[in-house]
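Enquirer: Chain by chain, the residues run as shown.
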Amino acid sequence: MIGKGLMDGLVVTAKNFVGSYFDGNRKERLFTYQYPEERMPLPENSRTFPFLVYDGTPDQMRCTACKVCETECPPQCICIVMDRDANGKPLRRPTVFDIDTSVCMQCGICVEVCPFNAIKMDCDFERSQYARFDDLITHLPTLLKSNEYYHQIKSAEATRVDATRKPAKKPAAAPTPVKPVPTSTDMRTEDERQAWQRGYQGEVGAGEIVWPPVVLKKQSARTPLEQSVSSAPAANDVPWHDSGIELEKRMEMAKERPLADKLMAAMAQVDCQACGYDCRGYANALASGESKDYSRCAPGEEPTKNMLEKLMKEAGKI
Amino acid sequence: MSVPLGYYLILGGVLFAIGLCGALTRKNAIAVLMSIEIMFNAAILNFVVFWYYLHNGALTGQMFALFAIAVAAAESAVGLALVISVYRHYKSVDVNEMRSLKG
Amino acid sequence: MTIVFLTLSAITVLGALLAVTLRNLVHCLLALVLFFMGIAGHFFLLKADFLGAVQILIYIGAVAVLILFAIMLTRNISGTEGGRGSLGGAWWLGVGIATTLAGAMCVFVRRSDLVSKLPYGATEEGVVKEIGKLLVTDWVVPLEIMAVLLTAALIGAVVIALEEEKKR
Amino acid sequence: MSTIETQMLEVSLGPQHPSTHGVFRMDVVLDGEYVVKLKPVMGYLHRNHEQIGEKMTWLGSMPYTDRLDYFCSMTNNWAYALSVEKMAGIKVPERAEYIRVIMAELTRLLNHACAVGFLLSDCGAWFTPVLYALRERERILDFFETVSGARMMCNYMRFGGVRVDLDEQSLAMARAIVARWPAFLDEFEKLMTENEVLLARTQRVGILPRELAINASVSGPVARASGVAYDIRKVDKYGVYDRFDFRVPVGETGDTFDRFMIRILEMRESVKILHQALRDIPSGPCIAPESKLRGFKVPAGDGYGRIESPKGELGFYLVSEGGAKPYRYHVRPPSFVNLTILEDMCLGHKVADAIIILGSIDIVLGEVDR
Amino acid sequence: MDAIYKLIQHYAPKIPDLLALALAVLLPIAIVMGVFLTVFALLTWVERKALGRIQNRRGPNRVGPVGLFQPVADGLKLLTKEDIVPAAADKVVHFLAPVLTVVPAFMVLAVVPVAKGFVPVDLNIGVLFALAVSTGSVLALFMAGWASRNKFSLLGAMRSVAQVVSYEVPMVMAAVVILMAAGTLSSVGIVEAQRGLAGWFVFKPWGLVAFVIFQLCAMAEVARTPFDLPEAESEIVAGYHTEYSGFKFALFQMGEYVAAITMGGITVTMFLGGYLGPGSDLPKIGWLVSAGWFFAKLGIIVVINIWARGTWPRVRVDQLLGFAWKLLLPLALVNIVAMAIWHFASNKLVGWGASAVVLAVAIVALVKINTGQTFEKRSYRFIS
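Protein chains in written order, with this note's numbering: chain A, 1 to 318; chain B, 1 to 103; chain C, 1 to 168; chain D, 1 to 370; chain E, 1 to 384.
If you're looking for bench data, these hints aren't it; they were derived computationally from the structure.
Please note: incorrect hints may appear among the correct ones.
[As the list claims (entries may be wrong)] Mimicking EDC-like on lysine to aspartate or glutamate, the simulated pairs with C-alpha atoms at most 16 Å apart in a straight line are:
(1) D:K292 - A:E246
(2) D:K297 - A:D293
(3) A:K305 - A:E246
[As the list claims (entries may be wrong)] Quick partial rundown of chain D residues pointing at chain E, CB under 7 Å, derived from the structure:
(4) V23
(5) R25
(6) D27
(7) W126
(8) F127
(9) L131
(10) A200
(11) N215
(12) P249
(13) I355
Glycine included, every Cβ here is placed at the ideal spot set by N, Cα and C.
Could you put together the complete structure from these sequences and hints?
Expert: Here it is as C-alpha cells:
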C-alpha cells in the first residue's frame, strides 16, 4: 500500500512530539542539558586537563620534577624545570611546571606514567580565555590542587591512590621557607616570549628558537657554581646516589668503578623511571648491552646524555 | 475621470512601434521573439480598449483578447522551440547567421 | 484615473523600451515582465479583471518562464550577449521604420473621430460567467480550434526540440 | 537526456558545504542536474598522522588513533593495539578481549545509527532521524565516559588489554543500553525504511557492482551491500569473535538503499553479540601483566593488524626496528579506500543523488585525510 | 472597503472626502498586514518549537517566556547584520529580488476572506487572482538566484522555476472543481457556497481529492518539505538565497512564510469553508468567531506543513516534476470529470457513489502506472 510508510513516519514523529511533553522521565526524550543552569553529572573517570596533587600545603607537592610526563606526553605540552637551592642542589621538586592547554589533548597518559601519583586529570572544562597563548598556559600555582580537592572530584580513585602511597615521608626541604613559585613566563624576557610565539605560529627555521626557551635561563642559572661538599651521608655501595651532587663530582666518585657504576653515576640519580628502569637498572641495561639508547635519562638532560655517550664510546658499546 | 480613447490608442501604437523596432533591430532570436510579444500585447491591449470604449453589452473584444493570448502563448512555445533547434545547428542564436535554409 | 493611466502607461512604455534596448537578455526579460505587469494593470483599469488575471497567469507565469528557459539553454548563464553589439547592422533602418509607423499611427488616431470617445459604463459583475457561457456556446468552434492549435503547438514544440535525438 | 548542448556547470561542492561530512570537496561537472564528472578532493584535514606516529613512542600514538575516525575511537584503538600486540607477541587476557568486543560493538551501534541518520539528513529529512540517532548515541557516549573518561577520544585500549576494568555498575549500564536498542531500531525503521520518498530516492541509486567493489578493495557495509560476503570478524576471527553466534547481512543490488539497510541489519546483529558478550564476560585481569607503559619496545619486524571497524577494514601496518618508536607507521583507513569509487557510483546521477551516495559510503574525514 | 468608506462618512462627515477614501483603503491593508505579520512571527516560533519537540529538542527557549520573543530577537539580529552583496552580483537585480518576493505574497492576502464581512478586496475573480499573483514570486526567486552569480543559487533558482511552473498546472486544475461547484471566482462567494451541514468542499469525494492535490501543490509552490528543493540545504547549500544576508535574507524568509500562510488561507477558503463554523453568523460577535474559525483552520494547515517537514525526506528533482505531471495533473483532470458526474447525477447518493468510484479507479490506476517498478521489496542473505 503506497503511502503507508509516509503515514508511519508521521505517527513516529507525533509520538515523539507528544512524548517530549508528557514523558515522565526527561532523559527519555529531551536528552539535552540546558547547560549553564543544568550540568551533566560527570562520571568519576571523566578527564579534562591535568593538575598536580599536593598533600597538606602546596609546598608538599608530590611531583619530583622527574620529567617522565614531559617525555611521555604525546603532544609535548608539558615543560618542567627542577628547583634548586642557592647552591644549585636539586630539590626534587619543580620550580616551573607549565602545561599548555592549547596543545594538551587530554589523553591522560601523563597520569598513567607518573610514578608518584602526582599528576591527575581534572574534571574542570570551563577554561576559555581571551588570549590565544599565554592565558592558555597553566602554571604551577594554578596546577597545584590539594589532595582534598582530588578526593572531592574523584573520591574512589583518590582513596585507592592514598592506599597505595607510602605513608607520607616528610620531604627534606621542609625547613626551607616556601619561596614564591616562579613561572616560565616570569623567567622569560619579553623578547624570548615573542620569539617563542613566533615560532609557535609556524615560522619554522626563523632562527634558533629553542622550545622551551626557559631552558636557556635555567642553564645560565646553574653555571656559576661554587660546589660545596655534599653533606649527604654517602651510601656505602653507591656514594654518588644523591641528586644533589654535581655530575663531575659524581663521575669523580665513580672513577675507579666498573662501567655499570660509572654509567650509573652519570645518571640524574632521581630514580624517576622515565627510562623504564631505576638508575641502577638503566645503567646495568646499558652496560650489559640490553639497551643501546643512552638518551633516555630525562632529568639528567644534555650533560648526562653527553657523558653517557662518552662512556659508551669509550667502552666500545656503540 | 476616464481618459479618452485616443490616449489608449496612442499608447497601443507606441508600444507596437517599440516592439517593431526591437524585432527589426535585435540580432538575438530570443530578443526578437520578446519584441514580437510586445507587439502582441499592444494589439491585445487594443482589443480590450475597444471593448471597453465601444462595446454594446457584447464581450467580443474580451473574447478576442483571450484567444489572442492563447495564440500568443502557442506562438511563443513554438518560436522558442525553433530557436533552440536553430541554436543546435548553428551554435548561435544570432539571426544574421541563420542564412542557410537546409536543415 | 488619468494619473493612474499615465503611471501605468509610463511603466508599460518603460518596460517595453528597456526590453528592446538592454544588452543583457535576462535584464530584457525582467523588463518584459515589467511590461506585462503594466499591460495587466491596464486590463484591471479597463475593468477586464479576468483578462488581467489571465495575462499574469499566462504571460508572467508561462511565457516569461518559457523565454527564461530558452535563454538559459542557449546562452551562457550570465545572459550577456557577448562582445558584438546587440543590434543588427541596419539598426537605424528598423528604428526609422518604427518611428515612422508610430508617427503615422498618432496622426491617424488624431484624425479619427474616436479620439475623444468616453467609455460606456462597463461593469465587471458577471463578466466571468458571461465569458464562460460564451466560450461554450457562440465561441465553441474557435475554442475547439484553439484547443487543437495548443495541442499542435505543444506537440510541435516537443518534436522540434527533440528532433536531434531521433537522428542520433 | 537532453541533446541540447548547454554550458556545463562546474560546481565545487565543499569544502564548505553542509553535507560533505567534514572538509571534503567534490569538484562536480554538471549537465543541468546530472553529474558528468566528479573529482573527490581531499586533504583539507591532513595532519601528518603517519609521520607523527613515527615520531611517537608506541604508546604515544594511542591517543592519536582516537582522532582518526573520531566517531569510533574504540575500534581505532583496538586496531592499533592489535597490530602492536601481534608484533610484540603479547597475549591479551580473556576479560580484556570481551571488554574490547563490547566496546567495539557499541561503537558499531553508535556509528551505524549516526551514519544512517546523516544519510537521511542528506536526503532532506531535516535532522529528525539524525537527532533520534544522537539521542541513543548519547547513552553510549555516557557509558564510554563512565568507563574511559572521555566521550569520544576514549584512548581506552592498551597493549595487552584495556586501561580501566568494567565494574558491575558499568556492565549494568551497558546492558541497559543494549536492552533499549532494539526498540530504538524499531522506531527508526518505522520512521524511515518504508517511507516511499526514501525508497524512491535510494533504490537503484549509486549501484556499486560486486566486481568493482572487489577490485577497488572496498570493505565494510559498502562492500557487503554489493554482495561481497567479507567481514573480518568472520574471516580473521580476531579477539574472541569466534565464540559469538552472529550473522553477517549481505545485500545484492549494492545501491544506496542496500547500504542503508545493511547498516540497520548489522546493528541488530551487533545487539546479539553484545547480549552474548555481556552475558559471558569472564572475570580476571583486564590487562596482560607483562604489558608495560614506559620504555615499551617492540621487537624488530613488521606486522599488520586489522579489524572490522564500523566503516570497513581498518588496518595498521607497523615496522619496528626494535626501538621505542615505530620505524614505519601506516594506516589503512576504510573511509579513504571506500571513497575511491565515489565517481563511478555518481556518474549519470543527479547532484542530489551524489550527495546521498556520499552519505551512504559513510566517511569520516579524520580518517580519510589522516 | 466601501463599507469602511460609508462608515467613515456616516460617523465623521466632516472628514474630507479624499482623506476618508485614503483611510478606507489603508485601514484594511494595515489591519491585514499587521495581523499576518504577527502570524508570520508566531509561525516561525511555532515551527521552530514544534520541530524541536518532534526531534526531541527544546526549540527556542531563551528569549522571553518559552522563547516567545525569539522572532523579535531574530529580526533584530538580521537587521543589524552586515548586508553582503557579492562583488560579481548584478547589484540592481540582487537588490530587487527580495523585495519582489514579498510583494506577491502580500498581494494574495488582498482576496483572502479572513472573517465574515472582512476581505480587503472582494474581487470577482478572487481565486484566479490569487493563483495568478502567487506565480509572480517565481521570477523574484529566479532574479535572486541569477543575480547572485553563484552556481548553487542558479541551480536553486532554476529548480524553483521548474517546480513552481509545473505545480501551477495541477493546482489550477484542482481549483477548477471548486469553481465549478461554487459557480463563482469570488473568494467570498466560494466560502458562502460551502454553507450547510458538511457543506465544506473537502467533505465531497472530488473535493477531498482536489484538497489533497491543492495542498500538495501549495506545499510545492511555497517550497516546503518534501518539495523544498529550491533551498535544499544538503544539496545546494541554501539555493537561491545562498548569497543573501541580513535584512534581505529576512525578507526572503518573510516572503516564504507569508506565502505559506496565504496559500494556507486560500486552501482554507476553498476547501475548509473559510471563516464558516458554528457561531460565525452571530449578530454582534460573528466577525470575531468567524475570524477564530478561519485562523483555527489555518493552524491545521500550518501544523500539517510543519509535521511533514519534520518527518519526510525530500524528493529528487525529476521525481518532483514527474509527480506533478504524471500523477497530480491526470488526477486533477479526472477529478473534473468526477465533479461533472456528481453535478449531473440524478440524486445525491448516485453522484456520491459514481464520483467516488471514478476517483478511486483513477487513483489506483495512476499509482500503479507511476510506481510500477519503483519500489522493490528487498531481501538480504545472512552469512554466519
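Enquirer: The structure should be examined with respect to each hint, and the outcome stated for every one.
Expert: Comparing the hints with the structure gives:
Using a Cα cut-off of 16 Å, the hinted pair K292 of chain D and E246 of chain A is violated, with the two alpha carbons roughly 32 Å apart. A distance of roughly 12 Å separates the Cα atoms of K297 of chain D and D293 of chain A; the hinted pair therefore holds under the 16 Å criterion. The straight-line distance between the Cα atoms of K305 of chain A and E246 of chain A is roughly 14 Å, inside the 16 Å bound, and the hint therefore holds. Annotation: interface hint on V23 of chain D violated; nearest CB of chain E at approximately 15 Å, more than 7 Å.
A distance limit of 7 Å between C-beta atoms decides the matter here; for R25 of chain D the minimum to chain E is near 13 Å, and the interface restraint is violated. For D27 of chain D, the suggested interface contact is broken, since its CB lies about 12 Å from the closest CB of chain E, more than 7 Å. Because the closest C-beta pair between W126 of chain D and chain E is about 6 Å apart, less than 7 Å, the hint holds. The interface hint given for F127 of chain D is met, as the beta carbon of that residue sits about 6 Å from the closest beta carbon of chain E, less than 7 Å.
Nearest Cβ of chain E to the Cβ of L131 of chain D: about 4 Å, under the 7 Å cut. The hint holds. Given the 7 Å rule on beta carbons, the hint for A200 of chain D holds: about 6 Å separates it from the nearest Cβ of chain E. This hint is violated: N215 of chain D has a C-beta 21 Å from the nearest C-beta of chain E, more than the 7 Å allowed. Restraint check, P249 of chain D versus chain E: the minimum CB separation of about 5 Å is within 7 Å; hint holds.
With 7 Å as the threshold, the beta carbon of I355 of chain D comes within range of chain E, its nearest partner Cβ sitting at about 5 Å, so the hint holds.
Comparing the model with each earlier hint shows violations of hints 1, 4, 5, 6, 11; every other hint is respected.
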